[in-house]
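> Following the hints, put chain B in place on chain A, whose structure we already have.
Chains A and B supply the protein sequences, listed in that same order. Take 9 as the starting number for the first sequence in my numbering and just add one per residue. Take 54 as the starting number for the second sequence in my numbering and just add one per residue.
It is possible that some hints are incorrect.
Derived lysine to any residue pairs resembling SDA-like cross-links, with alpha carbons at most 25 angstroms apart [claimed, not checked]:
{"id": "1", "chain 1": "A", "residue 1": "K159", "chain 2": "B", "residue 2": "Q163"}
{"id": "2", "chain 1": "A", "residue 1": "K134", "chain 2": "A", "residue 2": "A217"}
{"id": "3", "chain 1": "B", "residue 1": "K142", "chain 2": "A", "residue 2": "N116"}
{"id": "4", "chain 1": "B", "residue 1": "K142", "chain 2": "A", "residue 2": "L28"}
Label pairs and their computed distance ranges (CB to CB) [unchecked claim]:
{"id": "5", "chain 1": "B", "residue 1": "P140", "chain 2": "A", "residue 2": "D46", "range": "54 to 62 angstroms"}
{"id": "6", "chain 1": "A", "residue 1": "W263", "chain 2": "B", "residue 2": "E282", "range": "37 to 45 angstroms"}
{"id": "7", "chain 1": "A", "residue 1": "R102", "chain 2": "B", "residue 2": "S187", "range": "35 to 43 angstroms"}
{"id": "8", "chain 1": "A", "residue 1": "I121", "chain 2": "B", "residue 2": "S187", "range": "18 to 26 angstroms"}
{"id": "9", "chain 1": "A", "residue 1": "R176", "chain 2": "B", "residue 2": "T273", "range": "19 to 27 angstroms"}
{"id": "10", "chain 1": "B", "residue 1": "G128", "chain 2": "A", "residue 2": "V244", "range": "55 to 63 angstroms"}
{"id": "11", "chain 1": "B", "residue 1": "S187", "chain 2": "A", "residue 2": "A85", "range": "39 to 47 angstroms"}
{"id": "12", "chain 1": "A", "residue 1": "L13", "chain 2": "B", "residue 2": "G84", "range": "51 to 59 angstroms"}
{"id": "13", "chain 1": "A", "residue 1": "L111", "chain 2": "B", "residue 2": "N298", "range": "56 to 64 angstroms"}
{"id": "14", "chain 1": "B", "residue 1": "S187", "chain 2": "A", "residue 2": "L13", "range": "24 to 32 angstroms"}
{"id": "15", "chain 1": "B", "residue 1": "S214", "chain 2": "A", "residue 2": "R176", "range": "47 to 55 angstroms"}
{"id": "16", "chain 1": "B", "residue 1": "D168", "chain 2": "A", "residue 2": "M243", "range": "51 to 59 angstroms"}
{"id": "17", "chain 1": "B", "residue 1": "A311", "chain 2": "A", "residue 2": "L111", "range": "52 to 60 angstroms"}
Stretches of chain B that chain A covers, calculated by requiring three or more beta carbons in the stretch to come under 8 angstroms of a beta carbon on chain A [what the hints assert, rightly or not]:
{"id": "18", "stretch": "117-131"}
{"id": "19", "stretch": "148-155"}
Rather than coming from a laboratory, the hints here were simulated on the basis of the structure. For every residue, glycine included, the Cβ atom is placed at its ideal position computed from N, Cα and C.
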Amino acid sequence: MREQLQPVNRWSVLATQIALTLVVLLLWEAGGRAGWVDKLYFSKPSDIGMEIGQWLSHGYILGDVTTTMSETLIGLAVGAFAGIVLGVLLASNRFIGAVFEPLLVLLNSIPRITLVPLFILWFGFKMESKVASAVALVLFVVFFATYTGIKDVDPTLVASVRVLGANRADVIRHVLMPSALTWIFSSLRTAVGFALIGAVVAEYFGANAGVGYRIQYSEANFNTAGVFAGLAVLMVLVTFVDTFIVWTQRRLVRWK
Amino acid sequence: MQPAIRLLGVDKQFPGGYTALKGVDLHVATGRFVALVGPSGCGKSTTLSLIAGLEMPSAGHVYVREREVTGVGGGIGFLFQRDALLPWKTVFDNVALPLRLRRVPNASAQQRAADWIGRVGLRGFEKNYPHELSGGMRKRVALAQTLAYDPEIILMDEPFSALDVQTRDLMEDELLQLWQGSGKTIVFVTHDLEEAIALADEVVVMTSGPARVKARYDVTLPRPRVIEEVRMDPRFTDLYRAMWNDLRDEVLESYARATSAG
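Bound conformation, chain A alone:
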């Protein structure tokens, strides 16, 4: 007999996910209370919740989130824009591509986190160094996606559109960009996480506001609950931005 492929019920998937999360949190909480896990290092969910509650009531969190999100989003926007422009430029001009592609591969091999102290040196403790660090991470992800997306385009489509009367700019607009768009969007999802890493790490290195700063400050005071609370806030932020990107992608790449 042939095996039937049953579609997965999304409600039972969701229920299982929630149940699993609850089980892990409860075990963690119980472990913390019973002393199986060291509260100094691992804290426990109720303390983390209290910490977040405190941040909310003191209003720290709003300032921190706004700071980190502005850095992340500006970094994402600047990095993505630069990445797309570079990608289009290098992929549509063979000479420029041949000159600069190896250079970008080389730069990409630098662990970007090591540049953060340099950015702080150049741009100071203010927002600019955080944005620069986010840009350094985002730029390459988006650049390589755009570059591959354009190189990947079916040459028949380009030939066809040229015969239909397209000039260089028309080919970019009607063929290369739409073809690259799918690649760019999937890279943007990775890039959001990267932008946030860039911003938070730079805050961690030196800042006076932001979620990364809050984590670093908590850690310096042996406030483990504060560190976890910061991580929880970051998780929520990324989920929001990711949902927004998926929603935009569905609207813009409708032809798939």
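Chain B in isolation, oriented as in the chain A frame:
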């Protein structure tokens, strides 16, 4: 009457040393339907790319309407073997694309696109994306797209080879109906001799790679033609036999080369 297309001693060598064409002379009169036949991979497609200006000859000259081809110009349509519709544009936007690229005023572009979509029998599919259509329907869209900007010369590179036999017969009949009386020049590449004879005024047999012109035949079958009927015509069979004699040697030779190389 001035020739629509002339190739004089054209060679085409690709980087890497592969010679696709060697000394090709071709003359296509305005308004004629000319079929280029030859074994697969013999350089027929390259000939079309040269006429369209997508490729430049390594030696010799290519003239379109008595002007040397120096790049992609207007006034030529090209139906590719592979799907060349933009997958991210709807049927309507694909058909309207050449008009928009030519800066045709929007109202007139919309009307012409709608008109051609109707004429190829796709009314009601304007808002569909290419991946939602069958192979035959996509070919119709491509045909409407090409005819919408009214090119004087249409190049076709085995446009129907991926379709099933019934759809193909239908498309061939439609093509003849659309072409008849339009005064357009068509160069139709195929490896199928029956298709070539049924459609064309003139069949040019090419040698296997590097391609040269081996022979040309006038197809004197009366028009208008209906594909299924024209195949029963005794003159069709005579022409077929004569041409197949020429083509067979080329096919065998290219087959031998392919098997010895493989």
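> Could you run down the list of hints and mark each one as holding or not?
Status of the hints after comparison with the structure:
Distance hint between A/K159 and B/Q163 is unfulfilled; the C-alpha atoms sit about 32 angstroms from each other, more than 25 angstroms. Simply put, A/K134 and A/A217 have alpha-carbon atoms about 9 angstroms apart, close enough for the 25 angstroms limit, and the pair holds. For a cut-off of 25 angstroms, the pair hint linking B/K142 to A/N116 is broken: about 35 angstroms separates their Cα positions. For the hint linking B/K142 to A/L28, the alpha-carbon distance of about 44 angstroms lies beyond 25 angstroms, and the restraint is violated.
Taken as a hint, the range 54 to 62 angstroms holds for the pair B/P140 and A/D46, whose Cβ atoms sit roughly 57 angstroms apart. The hinted window of 37 to 45 angstroms between A/W263 and B/E282 holds, with their beta carbons roughly 41 angstroms apart. A beta carbon spacing of about 37 angstroms between A/R102 and B/S187 agrees with the range 35 to 43 angstroms that was offered as a hint. Separated by about 53 angstroms at the C-beta atoms, A/I121 and B/S187 break the suggested range of 18 to 26 angstroms.
Taking the beta carbon of each, A/R176 and B/T273 are about 46 angstroms apart, not inside 19 to 27 angstroms as hinted. Taking the beta carbon of each, B/G128 and A/V244 are about 59 angstroms apart, inside 55 to 63 angstroms as hinted. Evaluation of the 39 to 47 angstroms hint for B/S187 and A/A85 yields a pass: the beta carbon distance comes to about 42 angstroms. A C-beta distance of roughly 57 angstroms is found between A/L13 and B/G84, which places it inside the suggested range of 51 to 59 angstroms.
The beta-carbon spacing between A/L111 and B/N298, approximately 60 angstroms, falls within the hinted interval of 56 to 64 angstroms. B/S187 and A/L13 have their C-beta atoms about 26 angstroms apart, which keeps the hinted 24 to 32 angstroms range intact. Distance hint check for B/S214 and A/R176: the Cβ-Cβ separation is about 31 angstroms, which falls outside the suggested range of 47 to 55 angstroms. Separated by about 55 angstroms at the C-beta atoms, B/D168 and A/M243 satisfy the suggested range of 51 to 59 angstroms.
A hinted range of 52 to 60 angstroms is violated for the C-beta pair B/A311 and A/L111, which are about 43 angstroms apart. Look at the stretch 117-131 of chain B against chain A: 5 of its residues bring a Cβ nearer than 8 angstroms to a Cβ of that chain, three or more, so the hint holds. Counting residues of the stretch 148-155 of chain B whose beta carbon lies closer than 8 angstroms to any beta carbon of chain A gives 4, which reaches the threshold of three, so the coverage claim holds.
Against the hints set out earlier in the document, violations occur for numbers 1, 3, 4, 8, 9, 15, 17.
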